[in-house]
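Colleague: Sequence:
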Amino acid sequence: MRLTCPDCGAPLGADDVNLDNLVARCRACDSVQRLDLPPATTHAVARVPRPPRDAEVPLPASLRERRGLHDLTIRRRWFGPQHAFIAVFAFCWDAFLVFWYSMVTGNAPWIFSVFPLIHVAVGVGLTYYALAGFVNRTTVRADDATLRVSHGPLPWPGKRLLHRRAIEQLYCVEDVKQGKNGPTTTYEVHAQLTGGRHEKVLSGLQFPDEALYVERAVEKHFGIADVPVAGELAPPPGLLRTGTTERAEGGLSEPNAEVGQLSLGDDPTRRR
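Residue numbering for the sequence shown follows numbering that gives the first Met the number 0, beginning at 0 and increasing consecutively.
The set of hints was computed from the structure by calculation and includes no laboratory data. Keep in mind that this is a model prediction, so the values were computed, not measured. Note that beta-carbon positions come from the ideal geometry of N, C-alpha and C, so glycine has one too. One or more of the hints may lead you astray.
[Claimed, not checked] Restricting the straight-line Cα-Cα distance to at most 27 Å, the calculated cross-link-like pairs of lysine-lysine (DSSO-like) are:
1) Lys219 <-> Lys199
2) Lys179 <-> Lys158
3) Lys179 <-> Lys219
4) Lys176 <-> Lys219
5) Lys176 <-> Lys199
[Said to hold, decoys possible] Per label pair, the in silico range of CB-to-CB distance:
6) Thr183 <-> Leu96: 34 to 40 Å
7) Phe78 <-> Val121: 46 to 52 Å
8) Phe78 <-> Thr184: 18 to 24 Å
9) Gly67 <-> Val226: 54 to 60 Å
10) Phe78 <-> Leu58: 15 to 21 Å
11) Val134 <-> Phe114: 28 to 34 Å
12) Lys158 <-> Val121: 22 to 28 Å
13) Phe114 <-> Pro57: 33 to 39 Å
14) Glu173 <-> Asp70: 41 to 47 Å
15) Tyr127 <-> Gly67: 38 to 44 Å
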């Protein structure tokens, strides 16, 4: 900052300024001037309010819920546009294989029958995946003692069984995978268990509100107070609505069975 004398315009040096009394003496005209220093610049820090932990997540249109006196059931249908595309692709793939084998029957060399076997396996997998997408549903069921996740009616890996007494907290995470056509984002529900263990409960959810609803609905049923978990998914702005979360009343049974340790495969509804 450069200071000048308001009377004669001469520059004021550092030796001419008395900061204790906020005055300066001009050596050119011998006048004493009061210093009017500009106020210190302050920068306001914008604070984004964090949604309250007890705010409610509206039920997504893709989920169906049924609440009983002692149980909670949430169902999600798998079907999406990708299953229709896979169904058409699988039909064309299988039709070509049928045409191929109709042409090589008879006296054709055995290699013509053996060579496409890998393609047959791929066709079976695509067809099964497409059928599962049309008819299957994921069911999350919580009663007084357990949390169960199953997929059906067509058999599919990924069943889950966790006892209530082992669950300390549920939380959601964002899963981003890099592909040839760019990143694909899906959402998962995880459980923090006793002993510091973490288990994946549900995966392959397309929208964050699906994961957040399952998390908070199950926590509410079990009477688990929602607390932050490192790395968890933050609710998108505008998703939550203010409200007081009601906690389940009454005691929870404590089964003597050990906690199930079933592994969960990827949900087939994962977007590719």
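Colleague: Now, for every hint given, state plainly whether the structure supports it.
Modeller: Results for each hint:
About 19 Å separates the Cα atoms of Lys219 and Lys199, which keeps this hinted pair within 27 Å; it holds. Pair hint Lys179 plus Lys158 does not hold up; C-alpha atoms about 30 Å apart against a cutoff of 27 Å. Distance restraint check for Lys179 and Lys219: the Cα-Cα separation of roughly 40 Å exceeds the 27 Å cut-off, and the hinted pair is therefore not satisfied. Distance restraint check for Lys176 and Lys219: the Cα-Cα separation of roughly 31 Å exceeds the 27 Å cut-off, and the hinted pair is therefore not satisfied.
With a CA separation close to 17 Å, the supplied pair Lys176 and Lys199 stays within the 27 Å bound. The beta-carbon spacing between Thr183 and Leu96, approximately 29 Å, falls outside the hinted interval of 34 to 40 Å. Range check, Phe78 to Val121: about 22 Å between beta-carbon atoms, so the 46 to 52 Å window is missed. Roughly 20 Å separates the CB atoms of Phe78 and Thr184, a value that falls within the hinted 18 to 24 Å.
Separation of Gly67 from Val226 is about 27 Å and departs from the stated range, judged on CB atoms against 54 to 60 Å. For the pair Phe78 and Leu58, the beta carbons lie near 19 Å from each other, so the given range of 15 to 21 Å is met. Between Val134 and Phe114 the beta carbons are some 33 Å apart, a value that agrees with the proposed interval 28 to 34 Å. At roughly 26 Å, the beta carbons of Lys158 and Val121 sit within the given window of 22 to 28 Å.
For the pair Phe114 and Pro57, the beta carbons lie near 54 Å from each other, so the given range of 33 to 39 Å is not met. Between Glu173 and Asp70 the beta carbon distance is about 29 Å. The supplied range of 41 to 47 Å is therefore violated. One distance hint, 38 to 44 Å for the beta-carbon pair Tyr127 and Gly67, is violated here, with the actual separation near 33 Å.
Figure legend: structure checked against the earlier numbered hints; hints not met, in rising order: 2, 3, 4, 6, 7, 9, 13, 14, 15.
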